[in-house]
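Colleague: For reference, the chains in residue letters:
Number of protein chains: 2
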Amino acid sequence: MSGGKRRAVVLLSGGLDSATALAIALRSGFEAHALTLLYGQRHAIEAERAAKIAAMAGAHEHRTVRIDLSFASGSALTDATMELPKNRSDSQISGAIPPTYVPARNTIFLSLALAWAEALEARDIFIGVNAVDYSGYPDCRPEFIASFEHLAALATKAGLQGARFNLRAPLLGMTKAEIIGKAVELGVDLASTLSCYDPDRTGRPCGSCDSCLLRARGFREAGMADPALE
Amino acid sequence: MSGGKRRAVVLLSGGLDSATALAIALRSGFEAHALTLLYGQRHAIEAERAAKIAAMAGAHEHRTVRIDLSFASGSALTDATMELPKNRSDSQISGAIPPTYVPARNTIFLSLALAWAEALEARDIFIGVNAVDYSGYPDCRPEFIASFEHLAALATKAGLQGARFNLRAPLLGMTKAEIIGKAVELGVDLASTLSCYDPDRTGRPCGSCDSCLLRARGFREAGMADPALE
Chain V
1 MSGGKRRAVV LLSGGLDSAT ALAIALRSGF EAHALTLLYG QRHAIEAERA
51 AKIAAMAGAH EHRTVRIDLS FASGSALTDA TMELPKNRSD SQISGAIPPT
101 YVPARNTIFL SLALAWAEAL EARDIFIGVN AVDYSGYPDC RPEFIASFEH
151 LAALATKAGL QGARFNLRAP LLGMTKAEII GKAVELGVDL ASTLSCYDPD
201 RTGRPCGSCD SCLLRARGFR EAGMADPALE
Chain Z
1 MSGGKRRAVV LLSGGLDSAT ALAIALRSGF EAHALTLLYG QRHAIEAERA
51 AKIAAMAGAH EHRTVRIDLS FASGSALTDA TMELPKNRSD SQISGAIPPT
101 YVPARNTIFL SLALAWAEAL EARDIFIGVN AVDYSGYPDC RPEFIASFEH
151 LAALATKAGL QGARFNLRAP LLGMTKAEII GKAVELGVDL ASTLSCYDPD
201 RTGRPCGSCD SCLLRARGFR EAGMADPALE
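Order-wise, the sequence lines are chains V and Z. To convert, note that position 44 of the first sequence is 44 in the numbering used here; the numbers rise steadily by one, no gaps. To convert, note that position 149 of the second sequence is 149 in the numbering used here; the numbers rise steadily by one, no gaps.
I should point out that these hints are in silico values taken from the structure, not numbers from a laboratory. Watch out, some of these pointers could steer you wrong.
Said to hold, decoys possible - Among chain Z residues calculated to face chain V with C-beta under 8 Å, some are:
no.: 1; residue: 38
no.: 2; residue: 40
no.: 3; residue: 151
no.: 4; residue: 156
no.: 5; residue: 202
no.: 6; residue: 206
What the hints assert, rightly or not - Some but not every residue of chain Z turned toward chain V, in silico, with C-beta under 8 Å:
no.: 7; residue: 118
no.: 8; residue: 154
no.: 9; residue: 160
C-beta atoms are modelled at their ideal positions from N, C-alpha and C, and glycine is treated no differently.
Take the sequences, apply the hints, and build the full model.
Modeller: What follows is the structure in structure tokens.
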């Protein structure tokens, strides 16, 4: 590695959580290499927002990688024929794995981040998963993160040579309101973040999908207005 | 799942090993869903061979998925500016991790296979990795396979609901000569398999890359001519 800052790969979707994870990586002193995956999701406009967020935050670079995951369909996020749930109650949202679950999505994302990290000689990977407000996704749990970290050492040339990869999920134990507070503290460009599963072409959020509802509740609990809605 | 055979996802590169793994899956009674990843490798003609092998063997279906891994470069397989090692000795080939190592490649492949398996309600994933003749790759070791199997249960909705994924690496402990013997026994269309890292456009192997040399040694030890060279 060329001298200076330690490098980190940061998975950046363009949503509020990953933008905050990026800000935490930068504040922690890492040279951030941001990675956005375009996987055929309905909300591809997130990638444009991700590029903007990466630039505004001061990421060292931002890459967008395309992989069409529709072959492993079964998610309302990638299958346009499935209905996205709208206007669900809190208990409905947190009650079961939602239809927006994309099979093995975070495993795929982390494996690509790991590949890039190894190529960059980075040893740290940031992911903005969160297990508190939205515990339905299996691949957002601490035990999943720990298991991938274990795998990463076995899966790589760097690991074979003694390196250890640190999988950093700084939002894992935070509520959405706490994440928003941290984002504000770190100067995240919240107005550019897009959490909605079903925005219009201009990036205006629908206001009624699970992700919009959770975000709205977070801002309510944080006692502030959502700058993206102004 | 619709009644009848159990489904399995089989990673199929078009090489000798994965063709044999496919034949083992079929002989074991699985309905085989073959998956080929086109990741920007030099030898993309393997994908055509994979389609042919899948059809000849009787796979239920074959999908090819593209993902450009050149962003995580550092491998002579995906970076045309790097030199592929040629005419290396046995000790050179087995002595260290070769420059053809693609960062986290099998982790990426298995994560995509896992996604498809979950979507198909398959619980078995076949991969033709082999730790005996070519132990240089970290992600061909038994401990890597075991670690991914552990991860798969944590990473998925199916796993959360109690399912376990079986990661099957039936060639793990076999020599190349033993794999060839098994391939012959199972009627694998060896003439269509392509192991070469650097074939010409028609799919003719170079004869001097590590993969060609290992294959040639395997056929020598198995006491037969390579049908792909006839």
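Colleague: A separate judgement is required for each hint: does it hold in the structure or not?
Modeller: Hint check results:
no. : hint : in the structure
1   : 38   : 11 Å, violated
2   : 40   : 11 Å, violated
3   : 151  : 5 Å, holds
4   : 156  : 6 Å, holds
5   : 202  : 29 Å, violated
6   : 206  : 24 Å, violated
7   : 118  : 4 Å, holds
8   : 154  : 5 Å, holds
9   : 160  : 4 Å, holds
Checked against the numbered hints above, the structure violates hints 1, 2, 5, 6; every other hint is satisfied.
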